[in-house]
Amino acid sequence: MPCIVAGMSVGFALLGLLESGPCHGYDLKRSYDEQFGHGRALHYGQVYATLARLLKNGLVEVESEPGEGPDRKRYAITEAGVTDVDRWLTRPEKPEPYLQSTLYTKVVLALLTGRDAADLLDTQRGEHLRLMRELTQRKSEGDLADQLICDHALFHLEADLRWLELTAARLEQLRDRVRRNT
Amino acid sequence: MRRHPNLGPPLLVAENLVKSFGPTPALDGASLQVYAGEVLALMGPSGSGKSTLLHCLAGIVTPDSGTVSYDGRDMAAMSDAQRSALRRTEFGFVFQFGQLVPELTCLENVVLPLRLAGVRRREAARRAAGLLERLEVADVADKRPGQASGGQGQRVAVARALVTRPRVIFADEPTGALDSLNGERVMHLFIAAARETGAAVVLVTHEARIAAYSDREAVIRDGRVREQEYAR
Ligand SMILES: Nc1ncnc2c1ncn2[C@@H]1O[C@H](COP(=O)(O)OP(=O)(O)O)[C@@H](O)[C@H]1O
Ligand SMILES: [Mg+2]
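Sequence lines, in order, name chains A and B. The first sequence begins at 0 in numbering that gives the first Met the number 0 and counts up by one. The second sequence begins at 0 in numbering that gives the first Met the number 0 and counts up by one.
No lab work stands behind these hints: they were computed from the structure. A virtual CB, placed ideally from N, CA and C, is assigned to each residue, including glycine. It cannot be assumed that every hint is accurate.
Said to hold, decoys possible - Incomplete in silico selection of chain A near chain B, CB under 7 Å:
id, residue
1, D121
2, L128
3, M131
4, R132
5, T135
6, L153
7, E157
8, L160
The shape of chain A in the complex, shown without the other chains (with noise of 0.2 Å):
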């Protein structure tokens, strides 16, 4: 299985995962590594330059414990690192390919947070379709070439689309286990 979390999103993975109450950066990974890892464990070293990143634009805070060392420090989420969660979480994805990924993390994110993961998916199922819209419309303008690569992406976009409809169908199964991952 391919690393589940790509880029960007393992900053709003952690953000995500620290507004259940703060936690050292430790623990932090292992929650991360139980619920997107799959077999590929973050390294520490992006753990903590990701926190370094976060701290420094303000989206977390520290509190420190006596002593010395990285896991002395405790991390918090700040108010602006939630309403970042929660614009990452209600901003549809530019639908292309391999978003899996990240919809996957928006989706477990949503459900570990108490959000609304159906009227993520609804959202996003509304951003594909409205590619899907305008990819119909060129491919019934254009000659036998348009036509071809159209429907390339559009057979892209429909697969993207039902795994959207499968998780939607299968959100409480979803849930479930990720309550019990935590």
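Using the hints provided, position chain B with the ligands relative to the given structure of chain A.
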């Protein structure tokens, strides 16, 4: 989101429809608006109540509660005769399996609704033939539906639904029995012809590629509708 060209008041309005066939309701507070001339895709997984909602909108099924109004008139307040006159003159229907009359030729199938509406035989034949031409199935005009392919049969069914120039066409999985190439050809011709006549189309489908021919979509889940709004 596409902007609707002339967004007047909705032509069809369903409010808070509830309809049960057993313990769990098929519709549980479903509301929907259909505007004149738009193509609206009604989506949702199988068994989610799409057909039931379509039947309520078309006055074929009476909801347990809630109202449907067409052009400002409450459908429940109409007599059976008025409702069936409405279905004959203002509505057109396309179903998954054409449901053409097997004993009649394809042309005669398309002529039939015009004759029922009192159009003279020659005029009816002329209009029906013109529409078959438009839908690229003139060559099966004199054949029986059984001799036409699935895709051809559906195009004849589309012609039959459009020929009376209805204001609303209800299409329930119109390409559901076709392979994807034929399905798209039918959709392309269907939607182009419907747009020419200015008919609103309520298109029930669970396929995104088919829904992509619409102007906007409404999704049914748990007996309720999540309706996309037009950008104004
Ligand atoms: N005439 C009927 N008698 C009994 N149950 C029905 C009838 N029509 C629909 N249902 C039930 O109502 C629900 C919704 O059906 P339907 O509207 O056909 O869904 P869809 O068209 O989305 O597949 C389903 O559970 C179906 O079994
Ligand atoms: Mg159905």
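Open item on the list: Which constraints among the numbered hints does this structure fail? Numbers only, ascending.
Closed with: none
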